[in-house]
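**Q** Generate coordinates for the entire structure from the input sequences, incorporating the hints supplied.
These protein sequence lines are chains A and B, in that order. At position 121 of the first sequence (counting the first as 1) the number is 121 in the working numbering, and the numbers step up by one without a gap. At position 144 of the second sequence (counting the first as 1) the number is 144 in the working numbering, and the numbers step up by one without a gap.
None of these hints come from the bench; they were simulated from the model. There's no promise every hint is true.
Said to hold, decoys possible - Which residues of chain B face chain A? A partial, calculated answer using Cβ under 7 Å: (1) G9; (2) L12; (3) G19; (4) V22; (5) D25; (6) D26; (7) L29; (8) L103; (9) W122; (10) I126; (11) G127; (12) V142.
For every residue, glycine included, the Cβ atom is placed at its ideal position computed from N, Cα and C.
Number of protein chains: 2
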Amino acid sequence: MISSIARSGADLALLLLGGFRVLVDDATLELAERGYVDVRPVHDFAMRAIAAGADNASELGRRLSVSKQAAAKTVTVLEERGYVARGPDPLDARRKRLQVTALGFEVMQVGEAVFDELRDKWKRQIGAKQLERLESDLATLVGVSPVRCDTPGWIAHSLDEAT
Amino acid sequence: MISSIARSGADLALLLLGGFRVLVDDATLELAERGYVDVRPVHDFAMRAIAAGADNASELGRRLSVSKQAAAKTVTVLEERGYVARGPDPLDARRKRLQVTALGFEVMQVGEAVFDELRDKWKRQIGAKQLERLESDLATLVGVSPVRCDTPGWIAHSLDEAT
DNA sequence: TCATCTCGTCAACCTGGTTGTCTAAAGAGT
DNA sequence: ACTCTTTAGACAACCAGGTTGACGAGATGA
Chain A
1 MISSIARSGA DLALLLLGGF RVLVDDATLE LAERGYVDVR PVHDFAMRAI AAGADNASEL
61 GRRLSVSKQA AAKTVTVLEE RGYVARGPDP LDARRKRLQV TALGFEVMQV GEAVFDELRD
121 KWKRQIGAKQ LERLESDLAT LVGVSPVRCD TPGWIAHSLD EAT
Chain B
1 MISSIARSGA DLALLLLGGF RVLVDDATLE LAERGYVDVR PVHDFAMRAI AAGADNASEL
61 GRRLSVSKQA AAKTVTVLEE RGYVARGPDP LDARRKRLQV TALGFEVMQV GEAVFDELRD
121 KWKRQIGAKQ LERLESDLAT LVGVSPVRCD TPGWIAHSLD EAT
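**A** Here it is as structure tokens:
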């Protein structure tokens, strides 16, 4: 009645998800340990987009492929945490110009370092060559994904179960 | 000011996520086209757990690592869709015994097939050997992940942007 | 028999997203 | 210069999926 539980196709998906989770959860944890509590990948993505030129909420929404309202919410928390600053736009009174603060850049740098360390760990486990291969394969498979860092929910919280 | 945007470590994470998304979104889309609208991986995971013996909501929650309340909610929608049936447990009046219906098994089978087709597509793209390698590498890296299919949010909806 | 555990459910709440509506400001076309 | 249309940002209502806390009903062990 249970039939074959083996599902190579779906397992592959699960593997991918698992890999992502491991990386992200570890990174979030590590970041917290280094004093950047409550920073999640989403925030990093958003800051990066802002730094890369998305200097207002609507534009940020567009780049992140979420609604401007959702982007505004993110900006709000980023501002509360002191990672971005919001000021009037001298050229357009409708806009509020966004800027990543020094603290924001700091977090981005640390986050980068943490992720790189994690990647190094993986490199040690399966070998540099193999890891590069994995990355390039994935890249061909996924294609030029438009970053798509709209990752609602669980990316954000969870890691509580850091078993 | 933008500093180096290159982030191999984080990019790796994004790649993993991207792969997962591509797979899951495609599968959900395909499933919908085959007539199974509104079925999401989460549901598949849950049904599988039920079929595998999690025959009551609390147990399902345990297996899926979510609260029994959350599991109960999932069961509710599964029941509404006709994928699982709920009846009294003759041995324990507190319990409501869960059972995957014929339709439920059908969906699981189709889902399995869809995922396998997707995997085949990938196989054609990078070669069977390479794909197997990728899977085994991922498996070592991820470790024996306890399925962990608690994937709130976006896994569920989104695919609207099936660009 | 009584204390304790477990099941299902209800209710309140959180997060992160959505749409819709609204104002104010910018821009385009006449 | 004056409209018409678009856009930014804010607010509200809502949704999905998850959480905790409480509680009654039934199971269970001392």
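**Q** Hints first: check each against the structure and report whether it holds.
**A** Hint-by-hint comparison with the structure:
1. Of the supplied interface hints, the one on G9/B holds, with its beta-carbon coming within about 3 Å of a beta-carbon of chain A, less than 7 Å.
2. Taken as an interface hint, L12/B checks out: its beta carbon lies about 5 Å from the nearest beta carbon of chain A, inside 7 Å.
3. With a least beta-carbon distance of about 4 Å to chain A, the hint placing G19/B at the interface is held under the 7 Å criterion.
4. Evaluation of the V22/B hint against chain A yields a held restraint, the C-beta minimum of about 6 Å falling below 7 Å.
5. With a cut of 7 Å, the hint placing D25/B at the interface with chain A is violated, because the nearest CB-to-CB distance is about 10 Å.
6. Nearest Cβ of chain A to the Cβ of D26/B: about 10 Å, over the 7 Å cut. The hint is violated.
7. For L29/B, the interface hint is violated, the least distance from its beta-carbon to any beta-carbon of chain A being 14 Å, above 7 Å.
8. About 15 Å separates the beta-carbon of L103/B from the nearest beta-carbon of chain A, more than 7 Å, and the hint is not met.
9. Look at W122/B: its Cβ gets to within about 6 Å of chain A, closer than 7 Å, so that hint holds up.
10. Below 7 Å, beta-carbon pairs count as interface contacts, and I126/B has one with chain A at about 5 Å; its hint therefore holds.
11. A cut of 7 Å between beta carbons decides the hint on G127/B: the least distance to chain A is about 9 Å, and the hint is violated.
12. At about 4 Å, the closest approach between the beta carbon of V142/B and any beta carbon in chain A falls short of 7 Å, and the interface hint on this residue holds.
Going through the hint list in order, the structure does not satisfy hints 5, 6, 7, 8 and 11.
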